[in-house]
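Colleague: Construct the complete structure from the given sequences, taking the supplied hints into account.
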Amino acid sequence: MLKTLFDILSGLRMTVLGGVFLAASLVILLGDISVPLDPAWLTIFICGFPLVYLALYRVFFECRITSALLISIAMFACIYIGELFAAGEVVFIMAIGAILEERTIEKAQKGIKELINLMPLQGRKLTIHGETTHEEMVDVEQIRYGDLLRILPGETVPVDGTIRVGNTSIDQSAMTGEFLPVDKTVGDDVFSGTINRFGAIDIEATKIGEDSSLQKLISMVQEAENSKAPMQRIVDKWAAWLVPIAMIIAVGAYAITSDIVRAVTVLVVFCPCALALATPTSIMAAIGQATKQGVLIKSGEALEKMGKVDRIAFDKTGTLTHGTLAVSDIISFLPEKTPHDLLQFAASMEALSEHPLGKALVAHAKEKNVSLSKAGGFIMTPGRGISASVDGTAALIGNIGYLQDSGVHVDEKAAAVLKNPRMQGKAVILIALDGVCAGTVAFSDTLRAGSQDMVTKLHDMGAGVVLLTGDHEQTANYFSRQAGIDLVYSELLPAQKVEHIKVLQQKGHVVCMVGDGVNDAPALKIADVGVAMGSMGSDIAIDAADIALMGDDIAKIPYLKRLSDATVITIKFNITLSMAINFVAISMSVMGLLNPITGALVHNAGSVLVVLNAARLYERKLMTSAA
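Take the sequence shown: its position 294, counting from 1, is numbered 295 in the numbering used here, and each next residue is one higher.
Hints in this document: simulated from the structure, not taken from any laboratory.
No residue lacks a Cβ here, since even glycine has one placed at the ideal position from N, Cα and C.
When the alpha-carbon atoms are kept at most 27 Å apart in a straight line, the in silico DSS-like pairs for lysine-lysine are as follows:
(1) K360 <-> K375
(2) K338 <-> K414
(3) K309 <-> K299
(4) K299 <-> K573
Taking CB as the label site, the calculated pair distances span:
(5) V609 <-> V252: 23 to 31 Å
(6) E492 <-> P340: 28 to 36 Å
(7) T447 <-> L488: 17 to 25 Å
(8) D311 <-> V609: 32 to 40 Å
(9) T447 <-> G295: 15 to 23 Å
Modeller: Dropping the structure here:
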């Protein structure tokens, strides 16, 4: 019953209603109007009941003394001497402070649910009897270690396993963040939650249930989520000292002066309302400032910690880079064939393909206004390449193994030409015309503009930068050199990214992780501060992070550190200001210069000053290092 009433009276709507009644009480008080019931009683009930309930619950069930107890004592003391407006004012201000703080530390909890939705529910189990193979759909829970499973194009891999039959390309973006499907053949491992894009494959289950990669991913996010406690208010940390000190001063004032009004006034002005507002109002102003810059900050705790960060770890694909493919080079090995000719042949064939490289190549041809021919006899070998006839020419496109297996000789000169694009982290395909290796097309991701300048600024601010990526070593090294990042860890699964962050934390570093994909969610959670790319990043990554860059502008990372520093300075100033006002007001109360009404007004003025100073943070110019 009491808990239900607490829930009903708590919250913004009822607090606003309490404020309306308190304003009416002030009008009646100043106008000396006679009314049968002072509206302050309604404010006391609406805003005071949740406070008293909370204070008693914490004392009796949690054995904790908090600011709620001191405010409750002051409220009852004001009621005792008939100062109803003062009683309503102190509980109303505290209710406002509680709402502001709750809004700043509220975090989204949808990420784990969406991650769980990635879990496949069924698998295609194979049972072999002699020369007969029986195929049936079974629940994932029924799959056992060593079972043979068939995965058709477009299906999700139900458990971790090793390919026993077939070739394919697997979309592993959920696990590694790589935007390109990875070619797989017999003996290669596949992971649960990844998607089979092209060929049918048979796999042997190697990790099931809680041991599967996706389930471990979910478990890591849950563990990291549970390990982060909400920010504790400074005023509550000090409440164990404030309550007895306030009571001693109030009792002392009464013992010396025999004036109960002075004692009650001490309790009123001692209430740490301005102190309670110091942190949440500054946090809200900073969050508003960040929102104007396209940065969504989910919690005050993350904002405060960002200023202490001394190591920032970046994912590559979709974070440092745009995560989109583009044709970067077309190189002809034959004098009679120009790059334009090769593009026409390749695009004409790839127009029939669904592969991401093929789509990028066709898009490039359209951009260059290349006219496409009709391709006949189109054959796709999943994970290897395609063949077709274009204008009477037998053409092949694929990797070096595909061309060699098709009887095409790739000489040393051609192989040498391939090395440079690969060293630059580019994806490379070969083109053969009538059995002759004719040229190559390279595809590349592109570094985000300003990445190098951003890394330089972070170094100047004393923050070390680390690259944690699931991409191959050559690709990772190429882009890290472009961005100016010296410390690089490549070919990482989600669990390995988490381990690298834990190692940094164990060395005493405060770590920020910046990422965009599902695979980054555990690292974003385990880091002291997680920053997600908001526009193209997955919803799960955004929900897992503390901060989201809605414009995908990583140049905002140095801005976040400056904003955090400014916020912490503002909070400390507000705390100092509120305590100074309280000290002066307590002294004046003991001397009899203030009564509960004027004390409440002075107390209220202190709260207003704190709020106004916090509001200045909203207009600060912090986007440039000179700010």
